[in-house]
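From first to last, the protein sequence lines stand for chains Y and E.
Note that the numbering used here numbers the first sequence so that position 332 is 332, with each residue one more than the last.
One rule links them: number in the numbering used here = place in the second sequence (from 1) + 459.
The set of hints was computed from the structure by calculation and includes no laboratory data.
Even glycine gets a Cβ: it sits at the ideal position worked out from N, Cα and C.
One thing to keep in mind: the hints can contain errors.
[What the hints assert, rightly or not] Covered by chain Y, per the in silico footprint, the following chain E stretches (three or more residues, Cβ under 8 Å):
1. 676–690
2. 768–780
[Unchecked claim] Taking CB as the label site, the calculated pair distances span:
3. E/S674 - Y/D268: 22 to 30 Å
4. E/H614 - Y/R8: 22 to 30 Å
5. Y/G78 - E/H693: 44 to 52 Å
Number of protein chains: 2
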Amino acid sequence: MSTKLTSRELAELLEARNFMAIRASLTALTPADSAELIEEFEPAEQAALFRLLPMQLATEFFEYLPVEAQEELIHAMGNEQAAGILDAMSPDDRTALLEELPTAVCARLVESLSPKERAVALRLLDYPENSIGRMMTSEYLTLRDEWNAREVLDHIRSHGRDRETLNVLYVVDALGKLVDEVRIREILLAPLEAKVKDLRNDVLISLTATDDQESAVAAFRKYDRTVLPVVDGHGGLVGIVTVDDILDVVEEEATEDIQKLGGMEQLDEPYMDISLARLVKKRATWLVFLFVGEMLTATAMGHFQDDISKAVILAVFVPLIISSGGNSGSQAATLIIRAMAIGEVGLRDWWKVMRREIFSGLVLGLILAVIGILRIAVWSLFSDAYGPHWLLIAVTVGISLIGVVLWGTLSGSMLPFLLKRLGIDPATSSAPFVATLVDVTGLIIYFAVAGVVLRGTLL
Amino acid sequence: MSTKLTSRELAELLEARNFMAIRASLTALTPADSAELIEEFEPAEQAALFRLLPMQLATEFFEYLPVEAQEELIHAMGNEQAAGILDAMSPDDRTALLEELPTAVCARLVESLSPKERAVALRLLDYPENSIGRMMTSEYLTLRDEWNAREVLDHIRSHGRDRETLNVLYVVDALGKLVDEVRIREILLAPLEAKVKDLRNDVLISLTATDDQESAVAAFRKYDRTVLPVVDGHGGLVGIVTVDDILDVVEEEATEDIQKLGGMEQLDEPYMDISLARLVKKRATWLVFLFVGEMLTATAMGHFQDDISKAVILAVFVPLIISSGGNSGSQAATLIIRAMAIGEVGLRDWWKVMRREIFSGLVLGLILAVIGILRIAVWSLFSDAYGPHWLLIAVTVGISLIGVVLWGTLSGSMLPFLLKRLGIDPATSSAPFVATLVDVTGLIIYFAVAGVVLRGTLL
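With the hints as constraints, model all of the structure from the sequences given.
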């Protein structure tokens, strides 16, 4: 890496209007580092910086900015500057930006593109959101079966300049139907007279443009490729998807799942960028829903008020009992949801999972029960905290813990299956959701056990 | 994709010892699909299937099996067969397998490799676990500055056969020091007489072999590359890392974080494959830790036993109050931990985050307080559930909710910063961990508020 330019130095150069130096120093950085540096400036200053750069370089830098920053910058640029950059952007990055813009701005910008790029942009925007079509690029090279290696190399030399990848070339027939792919390595290693049809590998993997992006992730994960072709319903080659975009999808999906697991709506924007109002809204919805659900605990507790007034000591263990159910449920739900997300567990595995979780729940419940009983016993040796019937109380707590932990583990592991079966994202059964569900039943289990064990003594 | 062979058909072919047909039908599938099919068989049958295939193809299939399946299969194979496959594997996949094997098995297998591959394997295993060195491959091509495009193409034709990628070639000096990289596209597009030194891009990004794999992920995310070179402490080129391995690391890291967030140790193996004993152990540790922490709630409740016996109605709202704190804490912790993991939030942002969370906590607490007060008021209109002092109870619950939610939000968001500052993985401050922490303080807040508001009436 070359000597690093700081944002302070860049600001000074900008103030001194030393455009030559700015251009020289930005050019010496990688596009990613330049973008990082430029991002620290205000949109208006950014627009000024971009005007100093040759269009090709400006576009490269622009593509490395996060979509939110691109959006602000597009607003700060004149229409002509914006159109110039959009025209030169690679189609997949452009689609990612356009779909974030307000419809009117998007339409105006698409209108200002060159006719060729406008057609490409409109075609990609025509695919549904989160479909593979939206992440495609049209920058690939096609070959014909009857060409030889020399003709391919000549074709690359004359048409390869703007293509996103030359690592894999696509063989199509006269109607544009995808026939196979050829890796550039095969062309390079082959004698110059070898025919394309003898170099292709005959095992073609392709994606379908209207499919969900998750299926693209699954295909890249399974086949370890860096690029895959995309076809339409008739097998016609319509674009390619590259693995760097897949990396982004994987991270986004993990973020969505994690946020849902934390008991809120997915943010869809970076934490530091989202407005406070939206941040609160995304959290309030679930928090209120959980609160209303949790109100059932007050109703349940209300029913047991008589028991509590007879044996106040029962109330003392309520938080301990219900939180143990919540924690074990949260563990089970998290495990299953993640295993589903990465394809380790499918709907048909529910029975296998249930057996595992019944065993786990029983063992975990037993462990906690033993600790809980020991705690009460030891305390009772040295104090009078739990009264003369401490042993019965210990038994009540122990049995309840086994029941509650088993129930938590079972609900936590089965709820994701139920949701998935109903067509709802399993990640919705978040740790807090399961905990709330288990809290109410946990109380009922606890007071039911107490009713049996303590009948005639404390109750 | 060709006509799909089912595992049943393959089993029949195997039983009929129709080796020609087996070989023909497996060859027609992609390696990933073949591996998926073969995975359904017992290790001994798998070993038999692999013996039928030419070594090159067997190795390709083998590389697509999950590491756990590879491990079982290696045990089922004879030493010679195993050595043959390991010898032909790409070095990065081989390291991933070897590091999973028991030390003795690993040593025996390394010993049986060809001298050349043994040296490579030992060199890679010498890097620390989770370091970039462990995910490197040595299958790259190097160039010299003074070569021209024609010489490069000749070099590729004679040495490129076994290289994992030909998309990027690396320019080294006479001492093996990495000078720059050249994309194959530049070579292909250039006139045949153009010199390498005029084709290289002069902005070199490289990884360091001893660095953590997370830094490789960060570099791939930032620079959108498909392959990056790795250097040692002296700048010497020692290997390359390809993006398909990065995809795996990203998924593994997300899985680890999600499991930690669910309140357990990371499993490190697929849910369906892990033994029940290990599964329970990974969960029991945290569950016991949380249980012991939660015992403080029993201690706290013990202190307020007198209050509860005077006003049993107080006990009724305990689960509602503490779970609201837990839920808001879980939201905040999840948000911050994920934002830290993907680099959106760093240690220095703590104050900015704190301001946002104080505001969010207050608003969220207010919303819940209003709902809680309304609930108590409405119930009191139609029943006598909360007695004559229902308004005071409503006020107690409302104020407590604001306090508890604010406190949950603050602890949930600040704990990850504290842990990170102490060098502990922030994901350790899981939803259940934060909930446990907030439960105890939530009780204290609630009874303290009750002590003030209800003094002279109920207490």
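Tested hints:
1. 676–690: Holds, because 7 residues of the stretch 676–690 of chain E bring their Cβ atoms closer than 8 Å to Cβ atoms of chain Y.
2. 768–780: That given contact holds, which follows from 9 residues of the stretch 768–780 of chain E lying within Cβ reach (below 8 Å) of chain Y.
3. E/S674 - Y/D268: 22 to 30 Å: Given range 22 to 30 Å: holds, Cβ gap about 27 Å.
4. E/H614 - Y/R8: 22 to 30 Å: Roughly 45 Å apart at Cβ, these two residues miss the hinted range, so it is violated.
5. Y/G78 - E/H693: 44 to 52 Å: Holds, since Y/G78 and E/H693 (Cβ atoms, about 49 Å apart) stay within the stated range.
Figure legend: structure checked against the earlier numbered hints; the only hint not met is number 4.
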